[in-house]
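> In the order they appear, the protein sequences are chains A and B.
Taking our numbering, the leading residue of the first sequence gets 1, the next gets one more, and so forth.
Taking our numbering, the leading residue of the second sequence gets 654, the next gets one more, and so forth.
Rather than coming from a laboratory, the hints here were simulated on the basis of the structure.
Don't take every hint at face value.
Claimed, not checked - What follows is a list of derived Cβ distance ranges for each label pair:
id: 1; chain 1: A; residue 1: Asp43; chain 2: B; residue 2: Ala848; range: 24 to 34 Å
id: 2; chain 1: A; residue 1: Glu45; chain 2: B; residue 2: Asn796; range: 53 to 63 Å
id: 3; chain 1: A; residue 1: Leu89; chain 2: B; residue 2: Ser847; range: 50 to 60 Å
id: 4; chain 1: B; residue 1: Lys669; chain 2: A; residue 2: Thr33; range: 30 to 40 Å
id: 5; chain 1: A; residue 1: Asp43; chain 2: B; residue 2: Pro916; range: 19 to 29 Å
id: 6; chain 1: A; residue 1: Met20; chain 2: B; residue 2: Pro916; range: 33 to 43 Å
id: 7; chain 1: A; residue 1: Thr33; chain 2: B; residue 2: Val853; range: 27 to 37 Å
id: 8; chain 1: A; residue 1: Thr15; chain 2: B; residue 2: Lys669; range: 19 to 29 Å
id: 9; chain 1: B; residue 1: Gly716; chain 2: A; residue 2: Asp127; range: 57 to 67 Å
id: 10; chain 1: A; residue 1: Thr33; chain 2: B; residue 2: Asn796; range: 52 to 62 Å
id: 11; chain 1: A; residue 1: Leu147; chain 2: B; residue 2: Tyr764; range: 36 to 46 Å
id: 12; chain 1: B; residue 1: Pro916; chain 2: A; residue 2: Asp127; range: 52 to 62 Å
id: 13; chain 1: A; residue 1: Glu45; chain 2: B; residue 2: Ile682; range: 33 to 43 Å
As the list claims (entries may be wrong) - Taking lysine-lysine pairs in the DSS-like style, the calculated list, with each CA pair at most 30 Å apart, reads:
id: 14; chain 1: B; residue 1: Lys906; chain 2: A; residue 2: Lys154
id: 15; chain 1: A; residue 1: Lys60; chain 2: B; residue 2: Lys958
id: 16; chain 1: A; residue 1: Lys220; chain 2: B; residue 2: Lys906
id: 17; chain 1: A; residue 1: Lys25; chain 2: B; residue 2: Lys958
id: 18; chain 1: A; residue 1: Lys229; chain 2: B; residue 2: Lys705
id: 19; chain 1: B; residue 1: Lys906; chain 2: A; residue 2: Lys229
id: 20; chain 1: B; residue 1: Lys906; chain 2: A; residue 2: Lys238
id: 21; chain 1: A; residue 1: Lys53; chain 2: B; residue 2: Lys906
id: 22; chain 1: B; residue 1: Lys867; chain 2: A; residue 2: Lys25
id: 23; chain 1: A; residue 1: Lys46; chain 2: B; residue 2: Lys906
As the list claims (entries may be wrong) - Not close to chain A: a few residues of chain B, all C-beta gaps over 10 Å, as computed:
id: 24; residue: Leu670
id: 25; residue: Lys705
id: 26; residue: Phe723
id: 27; residue: Thr727
id: 28; residue: Leu761
id: 29; residue: Phe799
id: 30; residue: Gly828
id: 31; residue: Ser854
id: 32; residue: Leu861
id: 33; residue: Glu917
id: 34; residue: Gly954
For glycine and all other residues, C-beta sits at the position ideal for the given N, C-alpha and C.
So you can see what is in the structure, the chains are spelled out below.
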Amino acid sequence: MQNRASSIEKSRLITRRVFMLAAAKLLLIGGITSRLYSLQISDREKYELLSDKNRIREWKTPPQRGFIVDHFNNILADNDRVFQVHLDLDQIKNFNEVIFKLKNILKLSNNELKKIYREKERLKPWDTLVASDNLNWTQFSKLNLYLHDLEGVKPVVSSSRFYPYKDSLVHVVGYVGAASQKDIERKDVIKENLVPGLKVGKSGIEYAKETQLIGRYGIKRYEVNSSGKRISQIDYIKETQGEKIKLTIDLEVQQLAQELLKGKAGSISAMDIYTGEIIAMASSPTYDPNKFTHGIGHKDWGEIRDDPLKPLVNKSIAGLYSPGSTFKPLVALAALEFGTIDPERPILCKGHKHPYELYGVKYHCWKKKGHGYMRLRNAIKQSCDIYFYEMARLLGVDRLAIIAKRYGLGSNILKDLYFDEKKGVVPNTLWKKNAIGKSWYLGETVINGIGQGYIQTTPLQLCLMTAQIANGGYKIKPHIIQDESIDYESARLKIAKQFVNETADFSNDEKFLVDRDYKLYERLYRNPENIKFIKDAMFGSTNEQYGTSYKSRYDDLKYQYAGKTGTSQVKRITEEERKLDLDQSQIEYKNRDHALFIAFAPYKNPRYSISVLVEHGGSGSSGAAPLASKLIKKIIDRHSLREQIKKGSSSLA
Amino acid sequence: MLTERLNTRNYSLFEKLKSVDYFLILIIILIGAISVFAIYSTERGEFSFYTKNHLLRLLVFFGMFLVLSFVRITFWYKNAYFFYAVCVSLLFITLFFGLMASGSRRWLDLYFLNLQPSEIMKIAIIVCFARYYHRIQTAEIQNYKFILVPLILLLIPCYLVLQQPDLGTSILIAGTGVIIIWLAGLNIKYFVYSALLLIVSLPFAVSLLKPYQKSRILTFFNPDRDPLGAGYQIIQSKIAIGSGGFFGKGFLKGTQSYLEFLPEKHTDFIFTLFSEEFGFIGSIMLLLLYILLIYRIISIGFYAKSFFSKLFCFGFASAIFLYIFVNISMVLGLLPIVGAPLPIMSYGGSSMLSIMLGLSIVMSCKIYSQDQISNY
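This is chain A alone, in the form it adopts within the complex (with noise of 0.2 Å):
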C-alpha cells in the first residue's frame, strides 16, 4: 500500500513539475518567436540590404571617351576596341605563380614584368592591377583557353583612345595616357570614373575638355559567392560616351602644312579672319600619340624627350620668337593711327658703310647695299630696316606697344584652353621697369621697331595680328573648338552693324589711341585708311618686283595674297662677322636667324590668315613664304567645301 500511495505521489509530482516545465518551454518558445519576428519582419530591410550587398558585388566599366572630330567631321581621336588582363589582387594567392604562368602564356617581356612589379607595389592589396592593356588576339585568345587555372585573372574588353591619323594632330588633340595620382586629385570627374586602367587626357584638347570628353562609367552588378567568384549578371547600366568634341581644325590644310614642317623645327598657324577658326595649327617637330596610350617605352620617351628639335613644346602657342620683320606692318601702322609719321616722307638706306646712328651705337639694314631713298610703302614691302629705326624712334615704344596689344601680341589667345600657352611680351617702359628694374633705352626702341629685342611673340599671335589688320581691324575671337554662334556672315553684319549711327570722319577720334579692353568685332583702328595703307604695302610685298616674297607670289586673282616676311636674329651679330658676310648655310644650325612669314589671303575679298616659323630656317623670304604659299593654295581651294559643311552643319541643327 505504501508503494502505491508513494508511486501516486510521484506521479503527481512528475505532472506538476511538468506542467511548469511546459509553462518555461512555452515561455522560451515565445522568446524564439519574437526573436524571429524582430530578424524577419521589424528589421528584415536591414538585413534584405546586407544580404544584397553580401552577394552582390558592383563593377564600373570604363567610360567611352567622347570622340575629337575636325570640321569636316573626320575623327581625329577614336575608340579602338583593346584587349586587356587585370588581375585581382585580393584573389590571388601566389602571385608569383599567377604571374610565371601569365609570362609564359603571353610571352611578357622582363621590360613588362618590371612594370608589373613596379604597379603592385603601388597599388592596395584589394586593387586590380592592369598587367597588360594591349593583347594581340593571339595573345588574349589563348589566355581565356588557361583562364581556369589562373585566379584572379580576368580578361577584358575594353576600349581606349586611337589616333588614326597618328602625329599629325598631337599638338592640338593631345594625349591621354593612365589616371594619375594627380589627375585623380585635379578633377572629380576622374576620380567618379575611375576604373582600373582608366585613360585620361595629358595635353591638348583631350586635357583641356577631360570632364566634357571622359563619359560616364557604366555598372556591372554580378552575384558573387562568399569566395568573391561571380555567378551570375544580374544588371549592366551600359557605361555613355563623352560628348563629342569638334573642332574648327581642317584635317588636310594640318597635314599639308604638318608635311611642309617636315624635318623642320617650326610651326604653321593658319586662320579665318572673320570667325577666328583656327583652320591650321601645326607644330614640328611632333610624335605619335598612340605611343602613350599604353604607356610609353623607356626609348621611345627618351627620344622625344632628348631631341634638339624639342617636338614636346607645341611651338605654335608655346614657342616665343622674336617677329623680326613680321612686325613691320604692325609698327607702321602705330606710326600712321598716331600721326608720326608722314608716309610720304623719304629716309635715305645707305648700306653698310652708312648705317642708323644713336648716340654713337650703330644700326644696320639687312641689305648690305642699301635701299637708296625709301617711302613708306616701299619700305614695308622692301622691309628696310633703317626706316623703320627712324619710324620707331619717332613713334616711342610706349605708343607702339598700345598698338601691338590691340592686336593680338602679348596675350593669351586660347585663354585657358591649352596649359602651356604663352603670352610673350610687349614691352614698354613700364614693362622693362617692373620686369627688369631699368629704364628703357632709345636704342631698345630702334631695334623693337623690326620686331628685335624684348619683343616676344608666339606663331599664333603672328597670325592672330595679321588676320585682324586682314579684315579691316576688327576684332575676332579665336578658337579652336566648333563654336555654332560664330559665322562669317553674322560676323560681317556685326562689323557692319557699329557704323550705322556713325560718321564716316574717323580722324579725330582719340577714343582708339589709348589702351583699353575692346568688344568682338569692335573695330580696333583710328583710321580705316591707316589699315588700308598697310594691306596694300603687303600687297606689294607680295606681288611686285623688289618686294621681299615676290618670290612665292600668285598671279591668279583666286590665289593672290599679301604676306610680309620676317626674318629674326637669334643671336647678335659682331661687326666681324658683318665683315665675313657668311651665307646662311656656312654658320652653325642653333645660330642660324628664324625665317618667318605671315600672310592673308586671298587679297581681294580676304578670308584667311596664315603664320609661317621655321626655326633656324634662314631668312623669310626663302624659308618661310614657300611654305605659306603652298598651304595658302590649299585653304583657298577648300574653301567652298568648308562654308557647305558649315551651312550644312547650321541647317541640320
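Given the coordinates of chain A, work out where chain B should sit on it, guided by the hints.
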C-alpha cells in the same frame, strides 16, 4: 539481491497496431520530409551526396524506429544500466580510437556508419535516469546518497564528451540530466544552490575552456568583434534569417546559403537555410511541428502506467526541446555557437539515430502503456 517483478501481460498484434500513435508518426514523417527538402536546397537543388545520404539514413532509421517501437518497454527497463554502460565504454574508446576531425575526436568508425557515441549517450542518460528514479521513493530522493549517484552517473559521460572536446553535446547531456533529476522530484533548493555555485565557479570554468570555445562565447556577446572570424557565422546567419522576411525568398532561392555565405548549412545551421527560404511563416510552422512532437511525447507519458515510461517520455520531450531551443537560439544569435544539431532536420547519422531511438522508446511506452513495472 534485487528481484524484479514485472507486471506484464500479452498483447495481440491488433492491440499493438491499434495503440500505435499514428499522429506522432505523421509528425515525424512531416519533419523528415521537410528536412530532405532543406538538405536538397543546401545542394542547390541537386539530388547528390548530402541529400541521398540524408534520405537513406532517414529511411533506414525510420524503419528502425518502426521495428524498435514494438520492443517491449520492459526490455529498455531491464537493460537500462547495460545500455548506459555500453555508451560510456564507447565514449571511452572514442577518446583513444576515435576518428579525428577538425580538432576533435568524436566518431567511431563502424564501417557502415561513423558513429558519434555522445549522441547515443543523450538517450542512454535518459533511459538510465528513468530506471534509477523508477525505483526510488519520493522521500528518498532528497537523500544525499540518492543525489550523489545520479550526479556521478551524469558527470562521467559529460566529462568524457568534454574531453573530445565537444562542449555543445556535453552541455546538452548535462542539461537533459539536470532536467530529469528535477522532474523526478528533487527539491528546488538544490538547483538554486547549484546555480549559485556555478556562477561563483564561472571564472574557473572559463579558464578551463579551450581558446576557440572562449572566443565563441566572447564573440556571442559581440559578433562584430571578429566579423570575418568567429563572429562570421552568427552575423551571416542573422543576415540570412532576417533577409528571409515574412514569406521567405522561396525554395532553392536562399542566396546566403546558395552563395556559400552560410557555414555548416547542412548541420547546425539548417534552420537558418530553412528560415531564409521559407521566412517567418515557414519557421513558425516548423516550430509548431516541433511543439506538436513534444506535446505528443508528453501526452504519451501521461497515459503510460509505469513511472519509468513517464520519466522517459517527459525526459526525452525535455531533451528534444532543449536541442531545438539551443540550436535555434544559437542560429538566431541568442546563444553562443556551441555545436548542437536540430533534431531530424540536421544532416548527421548519429544524431538521427539517437532521435529515432528515443522516439521508438516513446512509441514503445505508448504501445505497452499498460505495462506495470514493479518497484522491487
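> Indicate, hint by hint, whether the structure satisfies it.
Outcome of the hint check:
no.	hint	result
1	A:Asp43 - B:Ala848: 24 to 34 Å	holds (33 Å)
2	A:Glu45 - B:Asn796: 53 to 63 Å	holds (58 Å)
3	A:Leu89 - B:Ser847: 50 to 60 Å	holds (56 Å)
4	B:Lys669 - A:Thr33: 30 to 40 Å	holds (38 Å)
5	A:Asp43 - B:Pro916: 19 to 29 Å	holds (22 Å)
6	A:Met20 - B:Pro916: 33 to 43 Å	holds (37 Å)
7	A:Thr33 - B:Val853: 27 to 37 Å	holds (34 Å)
8	A:Thr15 - B:Lys669: 19 to 29 Å	holds (26 Å)
9	B:Gly716 - A:Asp127: 57 to 67 Å	holds (58 Å)
10	A:Thr33 - B:Asn796: 52 to 62 Å	violated (41 Å)
11	A:Leu147 - B:Tyr764: 36 to 46 Å	holds (43 Å)
12	B:Pro916 - A:Asp127: 52 to 62 Å	violated (28 Å)
13	A:Glu45 - B:Ile682: 33 to 43 Å	holds (37 Å)
14	B:Lys906 - A:Lys154	holds (28 Å)
15	A:Lys60 - B:Lys958	violated (73 Å)
16	A:Lys220 - B:Lys906	holds (22 Å)
17	A:Lys25 - B:Lys958	holds (25 Å)
18	A:Lys229 - B:Lys705	holds (27 Å)
19	B:Lys906 - A:Lys229	holds (18 Å)
20	B:Lys906 - A:Lys238	holds (27 Å)
21	A:Lys53 - B:Lys906	holds (16 Å)
22	B:Lys867 - A:Lys25	holds (28 Å)
23	A:Lys46 - B:Lys906	holds (19 Å)
24	Leu670	holds (28 Å)
25	Lys705	holds (23 Å)
26	Phe723	holds (26 Å)
27	Thr727	holds (17 Å)
28	Leu761	holds (33 Å)
29	Phe799	holds (13 Å)
30	Gly828	holds (12 Å)
31	Ser854	holds (24 Å)
32	Leu861	holds (28 Å)
33	Glu917	holds (13 Å)
34	Gly954	violated (7 Å)
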